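**Q** If you want the building blocks of each chain, they are given just below.
Number of protein chains: 2
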Amino acid sequence: MTIETVAIIGLGLLGGSVGLATMEHAPGIATRGYDRDPQVREKAAARGIVGEVCDTIDAAVNDADLVILCVPVGAMEAAASELAPHLKQGAIVSDVGSSKESVGKALSRTLPGHTVIPAHPVAGTEQSGPEAGFASLFTNRWCILTPPEDADEEAVKTLSEYWTKLGAKIEIMDAKHHDVVLAVTSHIPHLIAYTIVGTASDLEEVTRSEVIKYSAGGFRDFTRIAASDPVMWRDVFLNNKEAVLEVLGRFSEDLSSLQRAIRSGDGDKLHDLFSRTRRIRREVIEQGQDDERPDFGRKDHN
Amino acid sequence: MTIETVAIIGLGLLGGSVGLATMEHAPGIATRGYDRDPQVREKAAARGIVGEVCDTIDAAVNDADLVILCVPVGAMEAAASELAPHLKQGAIVSDVGSSKESVGKALSRTLPGHTVIPAHPVAGTEQSGPEAGFASLFTNRWCILTPPEDADEEAVKTLSEYWTKLGAKIEIMDAKHHDVVLAVTSHIPHLIAYTIVGTASDLEEVTRSEVIKYSAGGFRDFTRIAASDPVMWRDVFLNNKEAVLEVLGRFSEDLSSLQRAIRSGDGDKLHDLFSRTRRIRREVIEQGQDDERPDFGRKDHN
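Taken in sequence, the protein lines are chains F and R.
Number 238 in our numbering belongs to position 233 of the first sequence; there are no gaps in the numbering.
Number 195 in our numbering belongs to position 190 of the second sequence; there are no gaps in the numbering.
Hints are not guaranteed to be accurate.
Where chains are identical, the list cannot tell them apart; a pair therefore holds if satisfied intra-copy or between any two copies.
[As the list claims (entries may be wrong)] Below, simulated DSSO-like cross-link-like pairs (lysine-lysine); rule was C-alpha separation at most 30 Å, straight line: (1) K110 x K274; (2) K170 x K110; (3) K304 x K48; (4) K181 x K274.
If you are wondering where the hints come from, they were derived from the structure by calculation, not from laboratory data.
The model shown is predicted, which means the values in this text are computed figures rather than measured ones.
So here's chain F without its partners, still in its complex pose:
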């Protein structure tokens, strides 16, 4: 099973990066792209983020061996319905969505008889749109595949090899487990960041100007995450409700416990936690999952 042509549906940060990474790391594979927004198609064509930008979804997918949906998770089903009649026999349909159980179900329901292998490359930035993608986004990042139980093994292997070419490391996981893991490592961190940035803007005692001026004390990190695409993230929370609420419950309990420690002046409890969390950072860096320079190497430190 060989991929000669890949169709990328949705040409934002992820779609654009898939296109650019394919052209750079797997130049033998033809890349076709489609976005339902004509302005996005125009910008994508101007930047050359895929080999060919098509004006219809039909033209993009009709001879593709692999179709990758790079749209918000809430838009996956509609996109799949639209492309279903045009799919080539034997094509693999995959995606890059951040929640996998709901997306897997939606795609299987919409594309009966087709090979559906959901995937999630754990990578991104706070930017979005056709200007935002870049070829190295997936380098040394994990791409999680969540094939259904009866998935074609050959197709899983082909998709794994494709992502490996793009620079990613592959993990196969049950969709339900994926959704809990990502709730912890991605969804709740985003929800918390959005919340604290909102809280800070709404306080009466502290002006917006003060919040911005003194953001280097830690807050600015959260503003980056809270600048992520609103539609994408709305859909993630609506589509991974169960796992998000479960992890959020644990987080709230832990926060209440620290609140009590502060109120009662229990310095040891605070110190114990603050020492424990330091070790996690070291492991993240040791495993190549972050920049080891202080403050991520922000340029004001050079």
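Add chain R to chain F, keeping to what the hints say.
**A** Using the frame of chain F, we list chain R on its own:
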């Protein structure tokens, strides 16, 4: 009033950066440093982070025109008591602590008859110790002075000029207001980061290895903040209890409200907030308070 000699008490990230910044930007001012830990003094001397590392607090402060306490806020009072007998007549005593009301009170109580002007340069990294400081830490960052009501104006001006030389922008603020502002822009962000990193390590459903592997989804940002110095941060929470609990209450309310929106599938509410927070990021960047490159310019994107 001219500063000819500055004494830096505590030679960690902040003390070292004050020393290096003074030597680079105000080379006419002699820098003396002291740390109660002999190993820190040795490393500080080897790295040359101050002009002279002294073996006693007496030798460091006895002819200093400005003394800057760069110790955890819980250790300020003890350090002030220790240096009090050796202070030169007319010297200004200041600090770099993250909470100002408690520190201001402690210093005024311990140093009656001396000129105390508390200060807080809003800058730092997740690293600590005598190896961590660097000369540009304060460049384009705000330094907040919280002089007592009866403070000597000349001393406030002298201290402002000193920090301006080190690259900082100056703001004068009431200590109580400072503590609320910093609770929002620094203390609560740290508390939340410590909490989520702790929550993630304690979940039974998700392994530590998974948390680290998939941390690029957002979590890794929080691990950086949660790697900050445990003693410094324990002291901040114990010394700014009132403002921290107040802002934490607001944050928890806002988080509960989002939790309800997720549970009830209220996508509009989520989308509204997520769009609002995006604008704050732009202002942070426009005002020079963060690196505008995607993902802070982390090196895996180059």
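**Q** Go through the numbered hints given earlier and state which of them the structure violates, listing their numbers in rising order.
**A** none
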